[in-house]
Amino acid sequence: MSLVREASLVAGKDLRIEARSRVTAEQILPFGLVVLLLFAFALDPDRGVLRDVAPGLFWVTVLLAALLAVSRSFAIEAANGARDGLRLSGLDPAAIFLGKAAAVAVELLALEAVLSVGVIVLFDVALGSIAPIVLGAFLATVGIAATGTLYGVLAASSGARETLVPVLLLPVVSPVLLAATRAWEAAIDDVPSESWPWIGLLAIFAVLYTSIGTLAFGSLLEEA
Amino acid sequence: MQPVVRLRSAVCLLGRFPALAGVDLDVESGEVILLSGGNGAGKTTLLRLIAGLVRLHEGEAEVLGHDLAHDRSSHRHELAFVGHETFCYDDLTVRENLVFATRAAGADVAAADAALERVGLERSAGVTHARLSAGQRRRLALAVALSRDPRLLLLDEPHAGLDVEGRGVLDAVLQASASENRAVLVASHELDRTRALATREVVLTAGQATGTIVTATERSEGARRSNERPGGRRPGIPAGERVRPER
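Those protein sequence lines, which keep their order, are chains C and A. Position one of the first sequence corresponds to residue 1 (my numbering), numbered consecutively onward. Position one of the second sequence corresponds to residue 225 (my numbering), numbered consecutively onward.
Excised from the complex, chain C in its bound form (with noise of 0.2 Å):
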């Protein structure tokens, strides 16, 4: 079996037990949602002050959600000795690795689309040029869903388990954060031009670290 499907199989029983399970619609996505709630709160004084830095929480926000996808993706492989069974089952360590970060990733994209309405509803943000907007949104979302993915297994590896997953994965994540809000800033401000360096940055990030992933992630699913 080629690598792309095994990675497909992978990421289609993580979206299975997702879409069953209901944790990111029913937890995750509520506690974002409630996030940006807190920091409406907070600024609500200057709505301008919100509005200035809506891309920033907007980041933050999904990063924390990110912890929490990361942490349920490695979860779900804890319960019944699964991961074991993983590492038996004869798929290709890379495609164990591309297949889960997918699947984080496709959970974080639509966690970010309902984000992205709470923020323009909540901050009374306007949004600029669509184009450098979604591309970033994507490019990030590749990049942290392939970190999340490899610090998670890190993480397991390490015995502390997933309360170790936002002290890894955190600081190796700001480069995104700063240029996904970055991007947005100048991409909602409708100067695209500014944007595509940003753009350039997260497309760098996500190819550096999904390929250390792939790379790497056999090796410590073996430590697991």
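There are no misleading hints in this set.
Covered, in the sense of this in silico footprint (three residues per stretch, anywhere, with C-beta under 8 Å from a C-beta of chain A), are these stretches of chain C:
| no. | stretch |
| --- | --- |
| 1 | 9 to 16 |
| 2 | 73 to 80 |
Using C-beta positions, here's what the derived DEER-type ranges look like:
| no. | chain 1 | residue 1 | chain 2 | residue 2 | range |
| --- | --- | --- | --- | --- | --- |
| 3 | A | G385 | C | D124 | 53 to 61 Å |
| 4 | A | A334 | C | S2 | 16 to 24 Å |
| 5 | A | H308 | C | T163 | 19 to 27 Å |
| 6 | A | G264 | C | F41 | 51 to 59 Å |
| 7 | C | A113 | A | A334 | 34 to 42 Å |
| 8 | A | A430 | C | A25 | 49 to 57 Å |
| 9 | C | A216 | A | E404 | 36 to 44 Å |
| 10 | A | G264 | C | L178 | 46 to 54 Å |
Derived by calculation from the structure, the hints in this document are not laboratory data. All residues carry an ideal CB built from backbone N, CA and C; glycine is no exception.
Following the hints, complete the assembly by docking chain A onto the known chain C.
Frame of chain C, contents of chain A only:
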């Protein structure tokens, strides 16, 4: 013929504790080996070592032609392991779990349905793993293993939770192993039942294989082979007699 499993002075540490303290073992294709011994004797660790799930710290371990000291994963597509846990997902149905495992192993989905039928779980195909009884979970784990058509089957306490019908299914799997050219290692406390089907019993004590017991199955098989040999019958060995220490 090259043995399916060949261990020489195999040592496996769990932390600093030697869970296996120098095990010698040879397993041929078609053999059913009963691993017996008390709690903590090293049965589960031995099975996990053979599956490549734990590291070999000293000694030699060759499984299905692969040296586990250098490569713990390449042989896995040819083996199946039924452990204490099912390796399945709570939110997937019986058939979804089985199809996932079958497709992951590169086998046809028809193999999943055949395995489902073989363990008698057809009527529970649409039930999620979380809603299965302990015995049904055991059957599902066995079905997942069989759907891979492995050359080496590792069973860790397979009788736990099984009802009478389930035990019958398991017996049939063990009985068919020789004709299916499959080697089976069974760690079990159901000694009488498993001895009746095993070709050999290996006794583990404190992480060491302290002896081999020739079972009734092997004795009758040996007698049959002796009768077929020119020169007549070999003296039978009483069932349960310890004939050869492994170390």
